[in-house]
Amino acid sequence: MGLQPYLILSAVIFCIGLFGVTTRRNTIGILLGIELMMNAVNINLVAFARYTANAAGMVFTVFTICITVTEAALGLAIVILLFRVRRTVMADHLDLLKG
Amino acid sequence: MMANSGTLALTAWLLPAFSFLVLAIVFPLRRLGRPAAWFSVLCAAGAFASAVMAWRIQSVAAHPVHLVWPWLPSGGKTIADVGVLVDAQSTIMLCLVSLVALLVQFYSLGYLHDEPAPAFGRYYAYQSLFAFSMMGLALAPNLLQLFMCWELVGLCSYLLIGFWYQRPSAARAAVKAFWITKAGDVGMLVGIVMLFRAAGTFDITELHSLAATNALPLAGLSIITFCLYLGAMGKSAQFPFHVWLPDAMEGPTPVSALIHAATMVTAGVYLLVRTDFLFALTPNVLLVVAWIGAFTALLAAVLACVQDDIKRVLAYSTVSQLGYMMTAIGAGVASAGFLHLLTHGLFKALLFLGAGAIIHAVGSNDLPNMGGLARRMPQTATVFIVGTLSLAGIPIFGGYVSKEEILGAVWGAHLTGPFLLLMLVAGLTAFYMFRVVFLAFFGAPAPAAQVTHAHAAHASHAHGVHATTAGTAARVAHTDLHNETVVEGAHVNETPHAHEPPATMLLPLWVLAIGTMAVGVYTTFGGRVLLDPAGAPTAEGAPGWLTPSAVGVAAAGILLAWATYQTRTINPVTLANAFGPIRAAALRKFWIDDVFEGLYGIVLLGFSRIVGWIDRYLVDGVLNVLSDWTVQAGDELRGIQTGKPQDYVYGIGAGVLVLILLMRLVF
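Chains as they are written, first to last, in my numbering: chain A, 1 to 99; chain B, 1 to 667.
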């Protein structure tokens, strides 16, 4: 198989993730969308690593996975705290930054 | 021997500075009052002794002594030195200043004995500072040091006029004196700086040699000398800057004697004497000096005739005599003016201290509250009459020769106009001074009731409230003064009868009277050379009729005063009515004060109003508009921040798209 199917898969997953981030009202949904986008990036990285026979892409994927895990943990912790304080996790209710 | 006189002069100069520093820093001593006063008096005595020794050496020395230290170094050479320039002129001035300062400080021991101790100490600290500054002015080797000391004496004058700062009128008079002299000082500073640009030096000796070798550029020199003259006008109370001097009488009388009669006000004359070689190069400025001097002399003499306040009469007479000195300088004979400065310093200090003794005894400044004092205070009366005769220019008294010199110099310079004015002034001087003598010392004593409340009349006088009845005046005074001790001569309440002053006050009076007489006799019989070795003989050119006519005019003035106020052959009211309009104008001080007030009101306040409008509406307006715009723009733009995460994601997405497009299209 060539490079293209991987990239298409990656693009599709990225778009699904982006769609989720932009349309979900629930903060947890947004976080899930972000996870999807991250994984799309991971697929991209691995595909290119294989295609160019360069191990650097693999190494970066490992890094990204670590960061994704941390991000998910932190994000969920923030959401839980937010829920305790505001009794909601709906993104459109959390508009403290509104000018 | 030569260096010796420099050291002596330096000692004389620095002793009062030492006294001032001690009194200023060691405040427990100052707050003790009387010991502080004695310390200051001792320092003044030491200064006087050194000054006399310096003068005795220098009056026969051939060369002036320069004792200077570098100051203001600039690129390898010094712009100005600090130190003393000891010559005949400066040492004789030093003697006058230290003598009068010593006598006045001694006199104040008695005069101000009712002051609270801290105020007493403060008074002596100021006195020492003044003595230091004035001697520094006299000894200054360059114009820069002279200017600094000039400002210092102005400061001391301010502090001492406002010595009773609890009185609003005294505080106002102090500020008035400071401002008006400052107006002249600005001109003087400009003149000094311009002179430095033209000549490249501040040093008086160097300037002198430059002028002697015609190395000074003549172009623009008139402006420079006129600027210097402006400073002298302010300090020496020349028209139209004379208005501060009569108000300066708000200070204690010994201060008036020292600062506003004998020494500080003559600083302007001294400056012109010191720089007369510059003025000699600018005859047009000299002409201005002469005319303004003569006009000032006449104006002040007329004003003195209508004053009821004894100190104001003396103040106007000081202005008038300063006009005399200035006219002599304007006639190109600075030495005559300087001689009059010296004799005037002696007899005017005597007159002021005598007036102080009267005020101390009567408790009032106003002539109507006096009368018949010769019987009660024979010694004061004697010395006062000696001073009066000196001022009137009667032969063998102090002011006779110097006045003749001036008249001779003015006539010799073909200044007929000023000469006639001065002759008229000679008569007026004799008249108004003997008016004071007859009203105060002879005639009927003032009613006792008036005397008892008299101190109140004095306090209220300066507000322009002429006390018509003692009762109202007393009320005015008591509402004004929170502190009874600030009333001059307050002890009168305890002893209603006028009496001779204590010995501390009598002694200086006698010293000055004897000094005046000695100088008068000495100069009359041709001893002028020792007094003023630098001066060229001038009276030779004077015609023979000059002396008899001048003395005759003075005698006529005395006679008129005698007939009016002693024998009452001429009714004073009739005399006053004969000069109706002039008298009315003089009572309003010829509206000069009003003109100043008007100028202040229209020019200064008007200008302030314009500046205020510009600040309020233009400067502030621009800032307000700018800040309003900023706030509005913020208000408009805050709508972008919705607070919804998705909107931010759209923002990021749009940004990325723009970046990609840029990459595609531009690069």
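Please note that the accuracy of each hint is not assured.
[As the list claims (entries may be wrong)] To spell it out: a stretch of chain B is covered by chain A in this simulated footprint if at least three of its residues, at any positions, have a beta carbon under 8 Å from a beta carbon of chain A; those stretches are: (1) 629-640; (2) 643-649.
[Claimed, not checked] So the derived label-pair ranges between C-beta atoms look like this: (3) Val69/A / Ile660/B: 50 to 60 Å; (4) Leu82/A / Ile660/B: 30 to 40 Å; (5) Val622/B / Ala77/A: 46 to 56 Å.
Derived by calculation from the structure, the hints in this document are not laboratory data. What you are looking at is a predicted structure, and each value in this text was computed from that prediction instead of being measured. Glycine included, C-beta positions come from ideal geometry on N, C-alpha and C.
Going down the list of hints, with the structure as the test:
no.: 1; hint: 629-640; verdict: holds (count 4)
no.: 2; hint: 643-649; verdict: holds (count 5)
no.: 3; hint: Val69/A / Ile660/B: 50 to 60 Å; verdict: 30 Å, violated
no.: 4; hint: Leu82/A / Ile660/B: 30 to 40 Å; verdict: 34 Å, holds
no.: 5; hint: Val622/B / Ala77/A: 46 to 56 Å; verdict: 52 Å, holds
Violated hint: 3 only; the structure is consistent with all others.
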